[in-house]
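Novice: Sequence:
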Amino acid sequence: MPLQIVHHPDYDAGFAVNHRFPMSKYKLLMEALGARGLTGPAALNMPEPAPASWLKLAHAAGYVDQVLACEVPEKIEREIGFPVGPRVSLRAQLATGGTVLAARLALLNGIACNAAGGSHHARRAQGAGFCTFNDVAVASLLLLAEAAVGNILIVDLDVHQGDGTADILGGERRVFTFSMHGDRNYPTRKIASDLDIALPDGTGDAAYLQRLGDILPELTAMARWDIVFYNAGVDVHAEDRLGRLSLSDEGLRARDDMVIRHFRALGIPVCGVIGGGYSTDVAALAARHAILFETASGFA
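Under the working numbering, the sequence shown has 517 at position 193, and the numbering climbs by one with no breaks.
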């Protein structure tokens, strides 16, 4: 069976090409995956929007209602980084539904990836940092509520610390949050994960991979994980305009292979989400995101 990929055309909310958030990367990612032969009809899955009942497992009911009604206060919209109109609201619901679907497919098949997701700055009370709903937190709490899993590990390798995920899941003992990120990057005020590793500016392939390789066995030893959510943000890349770390394309590929190989060798399902990536060369950015899918396809 090919790698199961979750995608919806409305992951792209149609921002202007000069917007700080490169929204067109979602369309270009799917074109890149098609060029690599990964998007045949047996591979693609289309999500439904996450219903309010799912979203309210992770987020304050009042905030969820504001997003669904497109009535988010301007102050919160400024913290998110864009207005929450109908297309943004739908996109957030679809991306969250997409991570839930990808998680279910991972439990069935061992591995699956959402061609969006990783919105880890959205906190319980509100969104922030280009993140409206925290898709991984919603999916985690839903799977636990359904008793589909008992223990969840979140491996967040986006260059930015996963403060929203830590905020939402900090009191949930059945979920362990791990974030390895740039020390001096956004957010200025971190919210402690269960385990945080902060890296200095300029960290390159060798030091990054050494640190990651050392920690993966420690994470495995903590519990018998029923699923791993893997945030494969590519903003650790040397050419990312917000990243400040120095990984190469080869470093990204080695990172993704290391994570996926480690957990799949133990029979643990892996759900991949794409996380952050910021570049004015959006085609090159989409190619970096495609590395996750290329790598994951080798384990499908």
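One should not assume that every hint holds.
Said to hold, decoys possible - As a list, the in silico SDA-like pairs of lysine to any residue whose alpha-carbon atoms are at most 20 Å apart:
id	residue 1	residue 2
1	Lys-380	Glu-470
2	Lys-380	Lys-514
3	Lys-514	Glu-470
4	Lys-399	Met-325
5	Lys-380	Leu-566
6	Lys-351	Leu-368
7	Lys-380	Leu-368
8	Lys-380	Pro-397
9	Lys-399	Glu-470
10	Lys-351	Phe-339
None of these hints come from the bench; they were simulated from the model.
Novice: With reference to the structure, classify each hint as holding or not holding.
Specialist: Outcome of the hint check:
| no. | hint | verdict |
| --- | --- | --- |
| 1 | Lys-380 <-> Glu-470 | 15 Å, holds |
| 2 | Lys-380 <-> Lys-514 | 23 Å, violated |
| 3 | Lys-514 <-> Glu-470 | 30 Å, violated |
| 4 | Lys-399 <-> Met-325 | 46 Å, violated |
| 5 | Lys-380 <-> Leu-566 | 31 Å, violated |
| 6 | Lys-351 <-> Leu-368 | 14 Å, holds |
| 7 | Lys-380 <-> Leu-368 | 28 Å, violated |
| 8 | Lys-380 <-> Pro-397 | 18 Å, holds |
| 9 | Lys-399 <-> Glu-470 | 35 Å, violated |
| 10 | Lys-351 <-> Phe-339 | 12 Å, holds |
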